[in-house]
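As a plain string of letters, each chain reads:
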Amino acid sequence: MSSTTTGRDTVLADTVTEFDDDLGQGAQRRRTALWIGGLSAGLLVTLVLAVGLGAVAIDPGTVARIVGHHALGSPADVTWTRAEDSIVWQVRLPRVILGAVVGAALAVCGVALQAMVRNLLADPYLLGVTSGASTGAAAAILFGLGAGFGENALSASAFLGALGASAAVFVVARAGGRITSLRLLMAGVAVGYALYAATSFLIFASDSAEGARSVLFWLLGSLGLARWSWPLAIVVVVVALTLAALLLWRRRLDALAIGDETAHTLGVPPTRFRVQLLVVVSLCVGAVVAASGGIGFVGLVIPHVARRFVGAAHGRVVPVAALIGAIFLVWADVAARTVLEPRELPIGIITALVGAPFLLILVRRFHSAGA
Amino acid sequence: MISARDVSFAYGDTLVLDGARVTATPGRVVGLIGPNGSGKTTLLRTLYGALAPRAGLVTLDETPVGELKPRELARRLAVVVQEGTGELPLTVTETVLLGRAPHLSTFQRHGRDDYRVAAASLERVGARHLAGRVFAGLSGGEKQRVLIARALAQQADHLLLDEPTNHLDIRYQHEVLQLVSRLDVTTVVVLHDLNLAARYCDELVLLDGGRVAAAGTPDAVLRPEMLEPVYRIGVQRIDAGDGVQLLFRPLDAVPEGVSA
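Residue numbers (the working numbering), protein chains in the order written: chain A, 6 to 376; chain B, 57 to 316.
Quick caveat, the hints were computed from the structure, so don't treat them as lab data.
All values reported here derive from a predicted model rather than from experimental measurement.
Ideal Cβ placement from N, Cα and C applies to all residues, glycine included.
Check the hints yourself; a few may be wrong.
To be verified - Which chain B residues face chain A? A few, computed with CB under 8 Å, are given here:
| # | residue |
| --- | --- |
| 1 | L129 |
| 2 | G142 |
| 3 | L144 |
| 4 | P145 |
| 5 | T149 |
| 6 | L154 |
To be verified - Short derived list, chain A residues pointing at chain B, Cβ under 10 Å:
| # | residue |
| --- | --- |
| 7 | I41 |
| 8 | S45 |
| 9 | M191 |
| 10 | D265 |
| 11 | A317 |
As the list claims (entries may be wrong) - Residues from chain B that keep clear of chain A, each with C-beta distances beyond 10 Å, as calculated:
| # | residue |
| --- | --- |
| 12 | S64 |
| 13 | D69 |
| 14 | N92 |
| 15 | L133 |
| 16 | Q210 |
| 17 | H223 |
| 18 | D264 |
| 19 | Y287 |
| 20 | R288 |
| 21 | I294 |
Taking the hints into account, I'd like the entire structure generated from these sequences.
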């Protein structure tokens, strides 16, 4: 036995009290609270302004009164026109709410997937979800699939397509044994391409130019389907539950993002947790894509922006990414419906136009930081 | 106490462990040594439950490791693994605070005590000044010390380390192992450097091809007649005042073109 093993001391058992130091975490918490407070206020302002903007501009005061009248019954006196009432309450408000919810969902699902596959270029569509939804949507638009769901046939069929794709990715990734990040990536790419081929074949086989255009429009994303209806309610509920789950899983996400072995040693079984994440994220992205089509770049870029603001810990990134995603997508939709008035652009064009340069800037910074 | 009894493990058809055994009793430091591919890391991974052995039994204080819930295992057993850091720019503080995760319920936030434990752990490895830095941006030695701090923050009474002296210069190799050997925890450590093993371990297990070739005190295991057939290198032993020193030279018997 070597002499160094004498004179052992205990592992931090009683000596801890002398370290009255929070390692800067209190200040960090206050900074995060400021960000969340500021962004929440920003989101509120965004919602009011975005409802007012469009072909018929309505001032924010009127918007607030109309919304208050419908939602809270106050003010009771109607001082606005019927047209304004219907534009604000029936058309734009559900659309703006859907935009905020979809933006938040894509951003946090991007955060979760980047942690799960440990790749900062991962986005919510990596797992074949969009391709599946597209195939479902194409089948609905071109061949009337899901007609039993009535006016919600498109959403229902896209949602089923998304779930089917996720299930396929899951099965393929599992085929080799336990699910690893690499297998998930490869399965996602493979299933994505297969479904892309299926969608293209459907378009080719239908011989309907109008239908093909509708499918393309849907693929690039649009919030135009939003109205007060059960699909919107489902999306809101699913996204809220997803947000809650990811917030509760914040430390597990941190651990998983470091590595499987590390996660295991910190009490997070990596394979089981990855499956839980997959299920939650697939349901959420499936619901979102069914309601709004394949809006790209939000889930890829917003997580990076959020990390730049508050660091990488998921307890802070998830809420901040949700707020930034919500604000960003609402403004992108305002641009989509006003830039080429009276025509409406697919929102995916706007998000890609803004997102691509953003990503390039991030890549440059990433590189120069030597990370 | 942590122990593996007659543990076998295979990757596919390749048998990596073949009836290996190791036991670390409370407060002792047990070193796993052996050439590359002898099964050191695999044996360590069965000890912390990352691998389920094909045969044999791994127990933590007499409970089979496979029967412990993941979080309970993490409260009683801390591990310093050789793994990349991921791409996320987590800070040193955030990294060390993750060691508190097994002690917190899903709804709980870090409390004052968690910060204190994290600060004390960083202080303990001489890395408190790094608290605000991004973990991925640290040097190899700094990273290793922070990972040990995270393990300390788990406040487990068992500690496993996989080649903790990798990437460290000589001074830090000794500092880290000195630190580890002074902790009042049950420790199993995989080491490549036999002289470090001689100095800091209470017991050694020499693995060769997945089997235990020798086990016992450093004095008993680190003998030329034990080491030479396993490592296929010439070993000269000097019994210095404060322990064993080993010198190595290529064996003349090694044919040309075979790397020793």
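Now the hints, each set against the structure:
no. : hint : verdict
1   : L129 : holds, 7 Å
2   : G142 : holds, 5 Å
3   : L144 : holds, 4 Å
4   : P145 : holds, 5 Å
5   : T149 : holds, 4 Å
6   : L154 : holds, 6 Å
7   : I41  : violated, 15 Å
8   : S45  : violated, 20 Å
9   : M191 : violated, 19 Å
10  : D265 : holds, 8 Å
11  : A317 : holds, 4 Å
12  : S64  : holds, 19 Å
13  : D69  : holds, 15 Å
14  : N92  : holds, 19 Å
15  : L133 : violated, 8 Å
16  : Q210 : violated, 8 Å
17  : H223 : holds, 17 Å
18  : D264 : holds, 24 Å
19  : Y287 : holds, 21 Å
20  : R288 : holds, 27 Å
21  : I294 : holds, 15 Å
The structure fails to meet hints 7, 8, 9, 15 and 16 from the earlier list, while all remaining hints are met.
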